[in-house]
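Chemist: Single-letter residue listing:
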Amino acid sequence: MSTLTEAPPPLAPQAPEPKPPKRRGRWTPYWLLLPGILWLVVFFALPMIYQASTSVQTGSLEEGYKVTWHFATYWDALSAYWPQFVRSVLYAGTATILCLLLGYPLAYLIAFRAGRWKNLIMILVIAPFFTSFLIRTLAWKTILADGGPVVGALNTLHVLDVTDWLGMTAGDRVLATPLAVVCGLTYNFLPFMILPLYTSLERIDGRLHEAAGDLYARPWTTFRKVTFPLSMPGVVSGTLLTFIPAAGDYVNADLLGSTDTRMVGNVIQTQFLRVLDYPTAAALSFILMAAILLMVTLYIRRSGTEDLV
Amino acid sequence: MPFVNWLKRNLVVLAGLLTLGYLLLPNVVVTVFSFNKPKGRFNYEWQQFSLDAWKDPCGVSGLCGSLSLSLQIAVWATLGATLLGTLIAFALVRYRFRARGAVNSLIFLPMAMPEVVMAASLLTLFLNMGAQLGFWTILIAHIMFCLSFVVTAVKARVMSMDPKLEEAARDLYAGPFQTFVRVTLPIAAPGIAAGALLAFALSFDDFIITNFNAGSTVTFPMFVWGSAQRGTPVQINVIGTTMFVVAVLFVLVSMLAGNRRNRQKA
Amino acid sequence: MTNKTDPGGDVRLTGIAKTYGAFTAVHPLDLTVPQGSFFALLGASGCGKTTTLRMIAGLEEPSAGTVFLGDQDVTALPPYKRPVNTVFQSYALFPHLDIFENVAFGLRRRGLKSVKKQVDEMLDLVQLGEQARKKPHQLSGGQQQRVAVARALINHPKVLLLDEPLGALDLKLRRQMQLELKRIQTEVGITFVHVTHDQEEAMTMADTVAVMNAGRVEQLGAPTDLYENPRTTFVANFLGTSNFIEAEVDSESGEEIVLKAGGGKLVLPEARCSAPATTGGKVLVGVRPEKISLTHADDAGEIPEGRNRITGRIADSSFIGVSTQYVVDSPVCSGFEVYAQNIDRDPRLVPGAEVVLHWNPAHTFGLDAAQDADAGVEEAA
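Residue numbers (the working numbering), protein chains in the order written: chain A, -18 to 290; chain B, 2 to 267; chain C, 0 to 380.
Don't read these hints as lab results, they were simulated from the structure.
Hints may contain errors.
Here are the simulated EDC-like cross-link-like pairs (lysine to aspartate or glutamate), alpha carbons at most 16 Å apart as the crow flies [what the hints assert, rightly or not]:
(1) B/K165 x C/D249
(2) C/K112 x C/E129
(3) B/K165 x C/E59
(4) C/K80 x B/E46
(5) C/K264 x C/D249
So that you can see chain A by itself, here it is in the shape it has in the complex (with noise of 0.2 Å):
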């Protein structure tokens, strides 16, 4: 106030003091965050965490671990399961490109040719959801049993032939063969792939398809000069949805593959719940969540979308 006396008298009736801008509800999304973050922190971030740390210990479960910076571990379980890492990328992989093929026609006619047939199929999409997917995934075993109408139908097609020679599949057998696995993987993910397709292509205006063809462009070509193109956002977010999870996946490895079918999963699953060499599966954990996180950033850097979530 006394430097307020010294000033000089106003000439103008003085305005008013502009107020400070009132700091409403500055606190209020950190306290939205709060528990939700603080839950994932603790119950996500952290443990990556330790799991880091747990695979450059070393000790046994007598004697317990201590961090001794034994990045031979990732060496060791590098070396003793590469060709486990290799089947998870392949198969993952193929199962992936199978869900695509697959999962594109039955998107495309739900977004453009279902008419009022629509819903109905949307829930027979969603619907097998609601069925415990293992339960599903051990109907597989029925459908493919050895000598059943499938497997003879594929030996009459002489597409085991084809399969075989792949190395997909072993004589007459499917079951517990990579080709069931691959099936099984392709079958379990194929919603995730058709749900983010379908988003997309509803997205794009009915009446593009009429320009093109109004432009000369056949069918195919409007396809693939305009359908296409536009569906790319759920083609990437689609693939990606369906390739890491089958990435991880050991069930299916397991139910309905064998020994010589193992995933990089499987290899986990045994390494810390019956072999409980600890350091080892947090490696092998660790290197897929490298190599996947790894995987993902180039890809989605390459088809350039980032409106994932």
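Add chains B and C to chain A, keeping to what the hints say.
Modeler: Structure of chains B and C alone, referenced to chain A:
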């Protein structure tokens, strides 16, 4: 060649329907085999028609116990994840704050992480803390991985909501609390419901994360997994069929009710 | 309904301003809207008119200045404590509530239990009594708009704020709703503050129009006053169309200014010149296209004395029914626009013809030559 032309035009429809068949075939098999009377311990080959399993769905020891445990966990996990997730979604859409990017990544990462990695690392944490594995560890894990899905579902709904609606409410004498209860919440409700439904389905059906963190507690998916090694009782198919039918009916009824409501109002 | 002399409905803004970081949406602004008047804030998008409205509503906090309703300083009051209601641009009807509950919303929030009579009356006033139990999405755009008005008016606010309320309607419905709103305003006598970018709408409905540009009020006045006597090129171009000639002041008598443009002389009443006119200085001379008459050069002798005149050649003409619009190139100004009523059409007036443009000096207005003659042309488009 009218047939070839017809085929050309409807190729995509045929391919789509084939995929739909591929998706539904296992459910058909599950249903059919719920009426089977298998020889031996495994229910993979058709023997003869029987209603035995339908008459006594709880006839296998541990089955219905695991089912009710899974339902309990799913209900609590849904409540927890929906509450926490809705709060996060509102914070993300409605406020500007520091560390927004970090929060977004923390939401996105659990969805981009293979389940086995989350399962293994969470087990490491529990082992390090010396936690007793069981109901609570399962619940903690389920809330953790359902949370992100709820956030995504609610966020989409809140984002598509016109902020003018809340301004209108404030303009019409509704204070902050009234605005939230009378306008924001009812309009966000479908998104919250979708998130909750998703959380319920995910939790109820989760196997991998549960298997790592359950200790000796047995949920329904774990019961199925165990029976795949020891012998699959027909009752599993009964439960599976019931779940499928209930889910389809639930969706159909709610859709029909929605249609009728719209027609009446129109 | 409300006593027209009660000052409770005066809206007084003193030194009100809004800045977002480095961007100034509204420069310090003084404005008084008298009780019971229909006031329009007119301007292109981004001119600050909506921000001003939202500051009155309390939806936006002013960076400086004060908002008075009557004698009460409401600057610090949140919107739900201000006796002011808004009709939003997209109507913002609550999609989960039916029409009745939408209209009843404000009454219920203020704790009224029995609202049925009032809501029914209000719905009858906007002719929607039959639709009370429908949801907003089942109504047409025009009906939704009326619900939005009813929902605000039922609270008997001291001021009703309308944020581009007719923007989403098609042209015909818009005209109809303009008259309807005007009728309602006359009936209830509440102060209306209406934000719009449509100059015709503002002129049709409002008693007083404030033209805003880049966060400032360019000019304020009755619609005819703004149109006939604009004080900036922005107002001249934003409201209707204007032709401008840059001219030099030749002499100045206190009553009239005589200007030199090209070889000719133009007369401008001193009262209609908003720029300081000193001999030798420059002035922008403006005239509206419909005030100008066109005469073929051969008949130049028949033009009465005392009119401002310019010679030129028709560059283009388009027949639009009630009038013909000519574009005339002249040595003093190219692209002169002239609207001629189609009363007696001279068949010689075709592109290429030499013509004389002439008008009553009383229709001339003078502006400061330092400004851009094209300001506001783009915004008005």
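Chemist: Next pair to validate is C/K112 with C/E129; report whether the Cα-Cα distance is within 16 Å.
Modeler: Judged against 16 Å, a Cα distance of about 22 Å means the pair is violated.
Chemist: Please work out if C/K264 and C/D249 have their alpha carbons no farther apart than 16 Å.
Modeler: Given that 16 Å is the threshold and the Cα spacing comes to 9 Å, the pair holds.
Chemist: Run the distance test for B/K165 versus C/D249: straight-line Cα separation, threshold 16 Å.
Modeler: 57 Å, violated
Chemist: Would the pair B/K165 and C/E59 pass a check requiring their Cα atoms to be no farther apart than 16 Å?
Modeler: 13 Å, holds
Chemist: Please verify whether C/K80 and B/E46 have alpha carbons no more than 16 Å apart.
Modeler: 73 Å, violated
The structure does not agree with the numbered hints 1, 2, 4 stated previously, though it agrees with the rest.
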